[in-house]
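Chains as they are written, first to last, in our numbering: chain E, 242 to 708; chain Z, 242 to 708; chain F, 242 to 708; chain B, 242 to 708.
Among the hints, a few may not be true.
Straight-line C-alpha distance at most 16 Å; calculated EDC-like pairs for lysine to aspartate or glutamate [what the hints assert, rightly or not]: (1) B/LYS513 with F/ASP595; (2) B/LYS513 with F/ASP680; (3) B/LYS428 with B/GLU581; (4) E/LYS535 with Z/ASP683; (5) Z/LYS447 with Z/GLU477; (6) B/LYS447 with Z/ASP247; (7) B/LYS535 with F/ASP595; (8) E/LYS513 with Z/GLU467; (9) Z/LYS513 with E/ASP680; (10) F/LYS513 with B/GLU685; (11) E/LYS447 with F/ASP595; (12) E/LYS513 with Z/ASP680; (13) F/LYS513 with B/ASP662; (14) Z/LYS513 with E/ASP683; (15) Z/LYS535 with E/ASP683; (16) F/LYS447 with E/GLU581; (17) F/LYS245 with E/ASP470; (18) F/LYS447 with E/ASP247; (19) B/LYS535 with F/ASP683; (20) F/LYS513 with B/ASP680; (21) F/LYS245 with E/GLU438; (22) E/LYS513 with Z/ASP247.
Since the hints were made in silico from the structure, they are not lab data. Keep in mind the model is a prediction, meaning the values are calculated, not measured.
Listed here are the chains, written in short residue letters.
Protein chains: 4
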Amino acid sequence: MQYKQDRVTGLRVAYIGGGSRGWAWGFMTDIALDAGMEGEVRLYDIDRDAAEKNRAIGERISACPQAVAHWRYTVSDSLQSALAGADFVIISILPATFDEMESDVHAPEALGVYQSVGDTVGPGGFMRALRTIPMFEEIALAIRDYAPKAWVINYTNPMSLCVATLYRVFPDIRAFGCCHEVFGTQKLLAAMLADLEGIKNVPRQKINVNVQGINHFTWFSSASYEGGDLFPLYREFCDRYYETGFLKDKDDNWMNNFFACSHRVKFDLFRKYGNIAAAGDRHLAEFMPPWYLKSPETAREWGFSLTPVSWRKQDLKARLARRARLLDGTEAPDFRGSGEEGHLMLGALLGLGDMVTNVNIPNRGQIPNLPEGAIVETNALFRRDAIQPVYAGPMDGNIQALTARHVLNQKNTLQAALTCDRQLALTTFLNDPQLGGVDYSDGERLFDRMIRAQLSWLPEGWKKQYR
Amino acid sequence: MQYKQDRVTGLRVAYIGGGSRGWAWGFMTDIALDAGMEGEVRLYDIDRDAAEKNRAIGERISACPQAVAHWRYTVSDSLQSALAGADFVIISILPATFDEMESDVHAPEALGVYQSVGDTVGPGGFMRALRTIPMFEEIALAIRDYAPKAWVINYTNPMSLCVATLYRVFPDIRAFGCCHEVFGTQKLLAAMLADLEGIKNVPRQKINVNVQGINHFTWFSSASYEGGDLFPLYREFCDRYYETGFLKDKDDNWMNNFFACSHRVKFDLFRKYGNIAAAGDRHLAEFMPPWYLKSPETAREWGFSLTPVSWRKQDLKARLARRARLLDGTEAPDFRGSGEEGHLMLGALLGLGDMVTNVNIPNRGQIPNLPEGAIVETNALFRRDAIQPVYAGPMDGNIQALTARHVLNQKNTLQAALTCDRQLALTTFLNDPQLGGVDYSDGERLFDRMIRAQLSWLPEGWKKQYR
Amino acid sequence: MQYKQDRVTGLRVAYIGGGSRGWAWGFMTDIALDAGMEGEVRLYDIDRDAAEKNRAIGERISACPQAVAHWRYTVSDSLQSALAGADFVIISILPATFDEMESDVHAPEALGVYQSVGDTVGPGGFMRALRTIPMFEEIALAIRDYAPKAWVINYTNPMSLCVATLYRVFPDIRAFGCCHEVFGTQKLLAAMLADLEGIKNVPRQKINVNVQGINHFTWFSSASYEGGDLFPLYREFCDRYYETGFLKDKDDNWMNNFFACSHRVKFDLFRKYGNIAAAGDRHLAEFMPPWYLKSPETAREWGFSLTPVSWRKQDLKARLARRARLLDGTEAPDFRGSGEEGHLMLGALLGLGDMVTNVNIPNRGQIPNLPEGAIVETNALFRRDAIQPVYAGPMDGNIQALTARHVLNQKNTLQAALTCDRQLALTTFLNDPQLGGVDYSDGERLFDRMIRAQLSWLPEGWKKQYR
Amino acid sequence: MQYKQDRVTGLRVAYIGGGSRGWAWGFMTDIALDAGMEGEVRLYDIDRDAAEKNRAIGERISACPQAVAHWRYTVSDSLQSALAGADFVIISILPATFDEMESDVHAPEALGVYQSVGDTVGPGGFMRALRTIPMFEEIALAIRDYAPKAWVINYTNPMSLCVATLYRVFPDIRAFGCCHEVFGTQKLLAAMLADLEGIKNVPRQKINVNVQGINHFTWFSSASYEGGDLFPLYREFCDRYYETGFLKDKDDNWMNNFFACSHRVKFDLFRKYGNIAAAGDRHLAEFMPPWYLKSPETAREWGFSLTPVSWRKQDLKARLARRARLLDGTEAPDFRGSGEEGHLMLGALLGLGDMVTNVNIPNRGQIPNLPEGAIVETNALFRRDAIQPVYAGPMDGNIQALTARHVLNQKNTLQAALTCDRQLALTTFLNDPQLGGVDYSDGERLFDRMIRAQLSWLPEGWKKQYR
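From just these sequences and the hints, can you work out the full model?
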């Protein structure tokens with residue numbers, strides 16, 4: 242790559258999961274709108290045809306008059322060829338298919354365990370991790386061998402475990418995980434300012450927050466706007482909307498489809514624990530004991546709904562239809578910006594401007610009362626060739642306790658997945674708060690059923706135990 | 242105190258809870274049989290009459306022909322006078338009465354939560370901690386002011402939190418907690434050697450173990466006898482007795498009344514987690530999710546029974562009767578030795594001989610994957626004026642996860658108790674594995690009921706919240 | 242204080258050492274030029290007359306047409322009245338007088354030990370610390386009692402030990418130390434860009450650096466400008482000017498009077514250790530073995546000179562004359578800005594805009610291979626009511642070794658000063674690299690002579706040992 | 242190996258440096274006198290003839306009537322064949338020859354730097370490390386590949402760096418370093434008891450000590466005998482013999498040839514630092530600034546002498562002559578016991594009896610204020626298949642500072658040796674206290690001269706820099 246007058250050219254970006262049916266298009270327009278950098282995006286996907294289609298969409302975007310940067314798009318035959326010499330690697334894959342996710346989400350319902358998302362923790366998140374970790378093991382080895390100095394941005398869930406796998410397999414990797422859930426809560430606080438104080442249109446970036454936690458279970462230990470502490474206002478906000486929930490205008494960007502969420506879980510967590518939980522309620526509820534997810538009705542009472550995988554399958558069809566329209570030109574690319582920060586982080590790492598934002602990286606003391614090395618989410622300073630975590634301080638009381646439980650479960654999940662250790666896997670699966678009231682033998686039967694449902698995606702070490 | 246020819250005289254021991262109906266008598270005979278030291282025991286108890294009775298029993302023991310050391314027994318008017326100038330302090334109190342314990346143990350049954358002991362963790366252990374911590378706060382302040390250099394031996398439950406309170410209130414205290422549960426599992430391994438290998442009468446001290454954990458939830462990560470690894474044998478032992486349980490001869494020392502315990506929980510934990518759980522099954526079961534304690538029947542199936550507080554009340558009557566007999570001479574003191582190690586630890590700290598044994602002290606890295614400062618139970622080297630923990634290494638997989646959960650609960654319990662913080666207390670109470678399947682509102686009602694049941698024993702900070 | 246439209250009014254700033262003959266005037270003009278905040282500065286000084294004179298100068302500055310903020314200046318009778326209710330505390334004092342500093346700097350010359358500054362490390366810095374620490378002990382206690390929530394900014398040397406004392410005496414203090422030495426090296430890199438690349442007038446803030454170290458012995462482990470790594474260029478720069486030294490235009494701001502410094506020490510340290518030492522050469526040389534300070538001639542060969550205390554005394558006269566002119570109006574205040582960042586930090590802490598800059602605070606892991614709690618200098622994020630250190634990473638090879646030696650000396654100096662422990666003080670004094678070749682008995686004689694030279698400023702604990 | 246009735250047979254011990262001219266003979270008699278174990282010793286040496294000769298001596302010892310265990314002795318052709326299947330590995334080699342040691346010890350005299358031993362720290366120790374570390378790198382790799390589970394006992398100097406290399410190259414190694422220097426100071430305390438108190442013939446094992454430090458620079462932070470604190474007595478002892486030194490009867494065991502040492506350095510260090518330095522004065526003096534080693538005369542004044550390498554060469558001849566006598570039977574093996582603990586440690590690791598003694602292993606928190614992972618010397622508990630460090634606590638004041646300096650030098654020496662990094666090596670060499678007053682350019686010339694003196698023993702990475 243070359244630097245010239247605040248602009249970098251000749252960048253090489255490897256995009257693993259480049260056949261993405263949606264997320265990629267937002268990224269492509271984001272970088273087309275960013276004058277600071279230009280280069281080549283190498284799309285790699287096990288579904289090569291999907292990658293080819295995205296290449297064509299990418300070229301279309303590059304050719305649009307709105308584009309101020311003109312990126313080249315290519316399709317790579319192999320992980321190796323995508324990675325060789327890459328400056329950046331983006332990982333955004335769907336581990337297996339929605340059929341496996343169907344088991345993740347719905348199989349536990351037999352035990353009365355309901356999940357709103359099922360991709361992070363709980364029985365669904367656990368099973369998804371078990372099949373995703375070996376994929377990331379392969380990716381990490383390839384990065385070690387072909388692009389050891391590249392910056393690696395992960396968007397895949399389960400976020401914490403994907404990033405943890407990368408570091409475990411290749412400790413010198415320069416990887417980080419990005420997620421927009423925190424942004425949503427910043428927007429909620431902006432909406433609160435409008436609702437209670439009449440201060441309109443505050444951009445979320447102006448809501449100053451100290452982020453602590455792990456992905457999808459992040460908390461603000463402080464929040465301010467223009468020097469003013471937002472906690473007293475948030476307490477008032479919770480009181481006003483505790484019963485009814487709060488609904489701001491729908492955000493119709495498909496990437497941020499929040500489904501119905503009224504923040505009642507968030508308000509309740511504030512009352513119970515004192516800090517502002519900072520992710521969508523559907524995610525937050527899954528990290529807790531089964532207080533908000535006893536049944537679909539309970540979820541509805543708390544103002545959110547469970548996302549059935551059938552909906553995801555339907556939604557995928559809509560996205561494929563949109564892809565067809567983007568390809569044949571009947572729909573124009575959406576140049577309003579995705580709201581994601583990925584391209585800004587790239588810019589900051591290239592030295593085009595410092596940036597402080599939340600990110601998932603190994604704990605180097607930024608949260609001193611979580612284990613060293615665990616993948617945590619806090620603010621970090623992005624600078625030329627460096628991501629430096631900002632000291633976020635110890636987590637409070639039971640927020641630490643709740644989080645640490647998941648951190649240790651993730652540690653044990655990773656170990657079990659890498660070694661195909663069924664007993665460790667099973668006891669970890671059962672240590673999830675969602676299963677805190679489930680009997681061991683019931684849990685074991687569920688575990689085996691869910692393993693079998695995804696057995697074809699698991700390594701030989703699992704297959705031979707389940708023959 | 243004076244040293245002369247391997248013997249220390251002039252020792253001053255303050256005994257807080259000196260009116261003890263049982264434990265004290267064992268200690269008195271133990272020290273009467275130990276030729277290495279002699280001095281004065283100052284009995285202090287809020288029930289002064291009980292202390293006076295124990296003074297008389299102590300004098301009787303000193304006067305027995307079996308006694309090789311002749312201790313003086315006095316009764317102190319106040320904590321301060323007992324402590325002033327003491328070399329050692331023993332704390333062995335009953336926090337409140339069996340009426341409060343009745344609530345601890347039986348109130349949660351309304352929610353289907355059964356407890357076998359109810360004095361360590363779970364709703365009962367939590368409530369006991371809430372009333373005990375302020376008592377230990379007072380004791381710690383008195384030690385700081387009147388006997389800051391004394392070695393302080395605690396026998397009171399909840400052990401970990403009692404010791405934690407002492408260190409939190411007076412960080413320079415030299416306190417440690419002693420418990421015989423580990424001995425019981427050493428004896429089980431000795432019985433196993435007899436049963437499977439025909440090696441009879443191995444003293445428990447010859448069963449070499451690496452101890453890791455917290456009080457009543459301790460584990461052996463290794464165990465050996467004369468150079469031989471006992472793990473393979475234990476696996477065989479578990480297999481043989483998994484279904485039936487194992488019963489060795491009854492140990493009839495009243496101090497070690499194990500009630501019926503067939504070690505089936507211990508065997509099951511070995512299968513599930515890979516290390517040897519090293520406490521009585523009644524204790525172990527309480528640290529786990531409600532797998533072994535779903536109902537009194539479940540407990541019986543697992544080969545142990547729940548200790549009703551009515552039994553304790555009855556047992557107390559028997560001990561009071563025994564006290565009367567000891568006082569009027571119709572029963573002679575029992576000079577067979579209690580099996581406790583307290584007096585040996587005193588000796589080691591006086592420099593009369595090194596000793597490696599398990600003890601509860603703050604974590605200084607002996608278990609590197611539990612938080613620094615938490616009260617943990619591992620082996621330590623007892624030497625003249627020093628207790629030096631022996632590096633026990635990191636805990637394995639989910640054993641760490643299970644233990645860390647309790648460690649953080651204990652941290653939060655201590656904080657809540659010292660500050661009378663109801664919200665922190667309630668969320669901590671609900672974070673116990675025994676309540677992992679309980680709904681928040683049900684839990685909250687139980688919490689309030691149990692607080693009220695012991696309100697007269699709680700500090701003003703609680704009373705004013707419950708008026 | 243009140244927030245209104247991005248502006249804070251009603252601030253209360255306590256200025257300890259408010260009789261300052263110079264530094265205060267720069268601060269007064271800086272805040273007069275900052276539209277974001279306004280309030281009262283309470284000047285406190287043991288020389289009350291000097292504080293009164295500065296009050297008058299402050300009022301003059303507030304009245305100037307250039308002033309956009311109009312601060313009130315008052316003189317406080319006591320530390321307590323200055324502190325009560327303060328939002329910020331500034332500490333900028335001269336510990337004792339230039340007579341004591343004369344001993345600090347020149348007494349060691351008898352042993353061939355020459356010092357260029359003598360206020361940080363070495364025999365002079367040590368002795369200065371010994372008399373300053375008790376002063377900061379008193380200040381810390383007063384802050385604890387009268388302004389426990391205030392942000393405390395220290396400018397006094399020895400910086401690290403002054404800040405360390407504040408935290409040792411009052412662990413909950415919110416103190417930090419500011420120093421402009423790092424700015425000087427950023428400016429040097431900007432001058433390098435002009436000299437080698439023809440890129441003119443780059444503001445120092447655009448030179449991106451990762452700062453590691455302790456005050457006056459700070460290092461850049463990376464440096465960049467607009468995405469470009471500056472290390473290769475710096476290597477070339479060192480090669481070109483290694484022999485001659487590099488002289489940019491004189492900076493004539495009195496606060497940044499660098500005396501003659503040609504950066505040869507800095508270039509040499511780069512060759513020897515691989516990173517960019519980031520303080521003036523006069524400071525850097527004092528942290529090293531006596532390689533650059535064998536004699537005044539050696540220093541001159543390395544392109545810097547020793548600052549005699551006689552010069553400081555002369556300079557003080559010039560500053561007093563300037564004060565007289567500022568008071569009688571024959572000289573106008575200098576409104577060009579001091580180049581210091583103090584007022585910007587105040588603004589950031591008030592929530593008026595985030596800021597990343599270097600600061601001296603306790604190590605919370607920002608430099609993982611220096612001891613936790615040591616006062617280190619790294620970048621930190623300044624935000625509303627928070628200073629969050631940015632992870633700077635481990636220090637390299639011998640840079641760590643050299644720094645750790647001073648860190649441990651500072652720890653022992655603090656302990657010795659607080660306890661008046663002569664033997665600890667003496668062995669610490671002798672552990673300084675400047676005295677690495679000095680014999681113990683020679684060192685002891687020097688130590689005693691220097692103690693006596695400042696005995697009237699030391700606590701009773703010292704006096705009674707030297708009677 | 243097999244266990245039978247408290248006895249282990251079939252042990253396989255690989256002895257690297259098995260041609261040893263002295264140390265091996267003591268070990269051979271020690272194990273011949275130990276009834277607990279028996280097996281095979283495989284002697285491996287680059288001087289095969291020497292190994293053959295020791296095989297013959299070993300067989301003679303086994304055949305002696307005093308031998309209660311009858312070990313077999315074999316000579317191995319290669320490191321690999323010696324290691325394959327070994328239960329224990331002993332490493333006791335001479336790195337290079339006394340010619341290289343001649344440079345180590347005497348070359349620095351040109352700069353007025355005198356060394357009493359020259360094998361641990363200082364310029365000599367540094368250079369010895371540089372050539373030894375690659376040898377240990379090779380040994381570590383062979384152990385990893387051929388005997389990964391073996392316990393590895395190192396006796397080679399520089400001890401700390403040899404052990405550090407083993408762990409750096411093969412982190413799962415089970416290695417430890419043994420040294421008898423601490424025993425010497427225990428014996429000194431026993432002699433003190435005889436001298437001052439008339440308590441005769443106290444065995445050193447009964448002198449209870451808490452050991453802290455690094456090899457050859459170990460300290461007792463406490464010492465007691467039968468419950469009595471020895472520190473007050475040691476203070477009196479120091480006072481009495483401070484000027485004259487203390488000489489007990491000569492120990493004539495050749496392995497413990499102390500040369501003339503009167504403990505004056507030890508007494509002086511006690512006065513200066515407050516704890517009991519616990520190694521021979523010749524070693525201790527080398528860790529300090531050049532206070533005790535300014536000249537041969539200074540050393541003599543402090544009551545010890547410098548060991549010239551010419552003496553070692555002479556002594557070697559004497560030992561070769563003794564070897565000849567042992568071989569031809571004109572001298573009988575010495576069955577009085579070497580006083581070393583190696584065989585006892587083997588026994589403890591085999592489960593034949595617990596043992597607490599000092600040992601060199603990685604810091605796992607046993608000294609919390611030295612870096613994690615550094616090779617430190619403290620007490621440890623030796624048990625079946627485990628060495629568990631005993632918490633020794635933080636080091637005091639400047640003892641920590643002095644020690645930490647060497648610890649960091651060792652870290653940098655290891656790194657420089659493994660990477661052939663001349664600049665890191667040179668700056669580390671110059672950071673030794675012995676060179677604290679030496680000018681950089683003088684030091685650099687000395688460094689180059691000493692490198693050249695041993696260049697043939699260094700890896701190619703060095704050779705190509707010095708062609």
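These are the hints, each one checked on the structure:
no., hint, in the structure
1, B/LYS513 with F/ASP595, "50 Å, violated"
2, B/LYS513 with F/ASP680, "14 Å, holds"
3, B/LYS428 with B/GLU581, "13 Å, holds"
4, E/LYS535 with Z/ASP683, "14 Å, holds"
5, Z/LYS447 with Z/GLU477, "21 Å, violated"
6, B/LYS447 with Z/ASP247, "13 Å, holds"
7, B/LYS535 with F/ASP595, "56 Å, violated"
8, E/LYS513 with Z/GLU467, "54 Å, violated"
9, Z/LYS513 with E/ASP680, "14 Å, holds"
10, F/LYS513 with B/GLU685, "11 Å, holds"
11, E/LYS447 with F/ASP595, "10 Å, holds"
12, E/LYS513 with Z/ASP680, "14 Å, holds"
13, F/LYS513 with B/ASP662, "12 Å, holds"
14, Z/LYS513 with E/ASP683, "15 Å, holds"
15, Z/LYS535 with E/ASP683, "14 Å, holds"
16, F/LYS447 with E/GLU581, "26 Å, violated"
17, F/LYS245 with E/ASP470, "14 Å, holds"
18, F/LYS447 with E/ASP247, "12 Å, holds"
19, B/LYS535 with F/ASP683, "14 Å, holds"
20, F/LYS513 with B/ASP680, "14 Å, holds"
21, F/LYS245 with E/GLU438, "14 Å, holds"
22, E/LYS513 with Z/ASP247, "59 Å, violated"
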